[in-house]
Amino acid sequence: MGEISIKINIADRIYPLRVDMEEEEVIRRAAKLINDRIKEFQENYAVRDKQDLLSMCVLHYATGMLKAERKSSTDEVGIVKAVNELDGMLTEFFNK
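Numbering of the sequence shown is given in the working numbering, commencing with residue 5 and proceeding in unit increments.
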């Protein structure tokens with residue numbers, strides 16, 4: 005579509021960005037998730053420093069991403085195994 009200029013607020017700082025129009029909603033939602041997580045950490049822990057809050061937020065999301073990658077990889081192995089078994093059964097069936 006095309007690039008647009010937007011401003012994103014993360015941890016009370018404004019970041020001007022140029023993004024593809026179709027990415028704008030995802031980026032705004034991501035910024036909201038980050039700000040919500042920072043607010044949650046602020047309320048639940050005795051941390052006020054923005055750098056510490058951002059580090060905790062990054063660790064939270066990076067951990068979640070790694071867990072999702074591991075699960076996806078495990079799921080993929082299971083799917084490949086099931087497809088191979090099905091292929092074997094079909095091959096056996098059609099070779100009779």
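Treat the hints as calculated values from the structure; they're not laboratory data.
Every residue, glycine too, gets a C-beta built ideally from N, C-alpha and C.
Mixed in with the good hints there might be a few duds.
Straight-line alpha carbon distances no greater than 20 angstroms define the calculated EDC-like cross-link-like pairs of lysine to aspartate or glutamate that follow [stated by the list, open to error]:
1. K43 - E26
2. K75 - D91
3. K43 - D16
4. K85 - E73
5. K36 - D53
6. K100 - E89
7. K43 - D24
8. K54 - E44
9. K36 - D16
10. K11 - E26
11. K36 - E47
12. K75 - D56
13. K54 - E96
14. K43 - D56
15. K11 - E27
16. K11 - E47
17. K100 - E80
18. K11 - E29
19. K54 - E73
20. K71 - D53
21. K43 - E27
Pair by pair, the computed Cβ-Cβ distance ranges are [unchecked claim]:
22. G68 - L90: 30 to 38 angstroms
23. S9 - D91: 47 to 55 angstroms
24. Y19 - V87: 21 to 29 angstroms
Outcome of the hint check:
{"no.": "1", "hint": "K43 - E26", "verdict": "violated, 28 angstroms"}
{"no.": "2", "hint": "K75 - D91", "verdict": "violated, 24 angstroms"}
{"no.": "3", "hint": "K43 - D16", "verdict": "holds, 11 angstroms"}
{"no.": "4", "hint": "K85 - E73", "verdict": "holds, 18 angstroms"}
{"no.": "5", "hint": "K36 - D53", "verdict": "holds, 19 angstroms"}
{"no.": "6", "hint": "K100 - E89", "verdict": "holds, 17 angstroms"}
{"no.": "7", "hint": "K43 - D24", "verdict": "violated, 28 angstroms"}
{"no.": "8", "hint": "K54 - E44", "verdict": "holds, 13 angstroms"}
{"no.": "9", "hint": "K36 - D16", "verdict": "holds, 12 angstroms"}
{"no.": "10", "hint": "K11 - E26", "verdict": "holds, 15 angstroms"}
{"no.": "11", "hint": "K36 - E47", "verdict": "holds, 16 angstroms"}
{"no.": "12", "hint": "K75 - D56", "verdict": "violated, 29 angstroms"}
{"no.": "13", "hint": "K54 - E96", "verdict": "violated, 63 angstroms"}
{"no.": "14", "hint": "K43 - D56", "verdict": "holds, 12 angstroms"}
{"no.": "15", "hint": "K11 - E27", "verdict": "holds, 13 angstroms"}
{"no.": "16", "hint": "K11 - E47", "verdict": "violated, 26 angstroms"}
{"no.": "17", "hint": "K100 - E80", "verdict": "violated, 31 angstroms"}
{"no.": "18", "hint": "K11 - E29", "verdict": "holds, 12 angstroms"}
{"no.": "19", "hint": "K54 - E73", "verdict": "violated, 28 angstroms"}
{"no.": "20", "hint": "K71 - D53", "verdict": "violated, 27 angstroms"}
{"no.": "21", "hint": "K43 - E27", "verdict": "violated, 24 angstroms"}
{"no.": "22", "hint": "G68 - L90: 30 to 38 angstroms", "verdict": "holds, 32 angstroms"}
{"no.": "23", "hint": "S9 - D91: 47 to 55 angstroms", "verdict": "holds, 51 angstroms"}
{"no.": "24", "hint": "Y19 - V87: 21 to 29 angstroms", "verdict": "violated, 44 angstroms"}
Going through the hint list in order, the structure does not satisfy hints 1, 2, 7, 12, 13, 16, 17, 19, 20, 21 and 24.
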